[in-house]
Amino acid sequence: MTRPCHDAEAGCLYVVSTPIGNLDDISRRAIQVLQEVDWVAAEDTRHSQGLMQQLGISPRLISCHDHNEQQRAPDLVARLADGESGALISDAGTPLVSDPGYRLVRACQDAGVTVVPIPGASALLAALAVAGQPSDRFLFEGFPPAKGAARERVLERLAAADVTTIVYEAPHRVLSLLEALAPKVAPERELTLCRELTKRFETVRRGPVAEVLEWVRADKDQQRGELVLVLGPAPQSDLLSERDRALARALLEELPLSRAARVLAAHTGLKRQALYNYLETVDS
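Counting with the UniProt record's numbering, you get residues 1 to 284 for the letters of the sequence shown.
Derived from the structure by calculation, the hints contain no laboratory data. All C-beta atoms, glycine included, are put in the ideal place defined by N, C-alpha and C. Hints are supplied without guarantee of correctness; some may be wrong.
Label pairs and their computed distance ranges (CB to CB) [stated by the list, open to error]:
1) R200 x H172: 19 to 29 Å
2) A265 x G50: 43 to 53 Å
3) R243 x Q53: 51 to 61 Å
With the hints as extra help, turn the sequences into a complete structure.
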């Protein structure tokens with residue numbers, strides 16, 4: 001059983017996971033902590049107020065989001081150091097997973113304030129569990145940039161990733177993301193679209209990227225709600241962008257295979273062994 005935070009000698013910050021849809025997914029421990037703390041730092045206090053009402057509790061809510069976290073952290077840390085207890089929540093799921101909060105956590109740790117996780121629902125892990133994609137290793141890219149060169153760089157990383165890769169995407173941008181991704185990957189490359197996880201209209205569909213694209217294009221309902229995309233690992237033909245494939249060929253003309261793989265790994269950030277295996281096929 002969790003010791004009440006206000007019994008901690010110098011205060012305590014709990015990082016509390018809340019439901020991503022189904023209210024029953026919140027743990028008893030999370031409810032207990034939210035009942036006992038002196039305050040709850042919330043990403044959107046209006047949204048969180050509704051959750052607290054559903055849970056039948058009424059903690060003091062303090063706004064803590066991307067735009068004010070840096071300024072608010074010192075005051076919250078001071079409260080904790082004075083013996084108050086607090087909790088950090090996001091709008092849904094586990095805080096700090098594409099949500100604010102790491103600055104507050106770091107400030108607490110730097111001040112010697114104890115930070116305790118209260119695990120629970122996470123759209124990231126829920127999607128990975130039902131995606132039907134390899135899960136021994138995976139990469140999380142969060143929300144891709146909305147446009148421009150930064151978005152293109154993320155798409156190139158997705159296309160080249162040799163591990164399962166997970167992204168969140170806004171519903172009004174999911175179609176454009178799939179349209180941009182489809183030409184960059186091999187025809188057999190699979191993607192799982194997870195929508196509205198744990199909610200009434202939960203949808204999970206796996207198939208080749210082009211097939212999922214056509215499905216989303218034909219059904220506007222799939223362009224609504226909370227979305228998680230899980231892209232399977234790239235085959236060797238997808239490992240590098242066209243520009244990096246040209247670089248690989250140039251390196252092989254000048255360097256031994258192992259050295260070329262090392263240089264290419266430093267340039268791309270990909271695993272040297274995966275690049276070595278790829279370069280063997282080019283070299284042959």
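Verification of the supplied hints:
As the Cβ distance of R200 to H172 is approximately 21 Å, the hint placing it in 19 to 29 Å holds. Between A265 and G50 the C-beta distance comes to about 48 Å, which sits within the given range of 43 to 53 Å. Range check, R243 to Q53: Cβ separation about 53 Å, and the 51 to 61 Å hint holds.
Of the hints listed earlier, there is not a single one the structure fails to meet.
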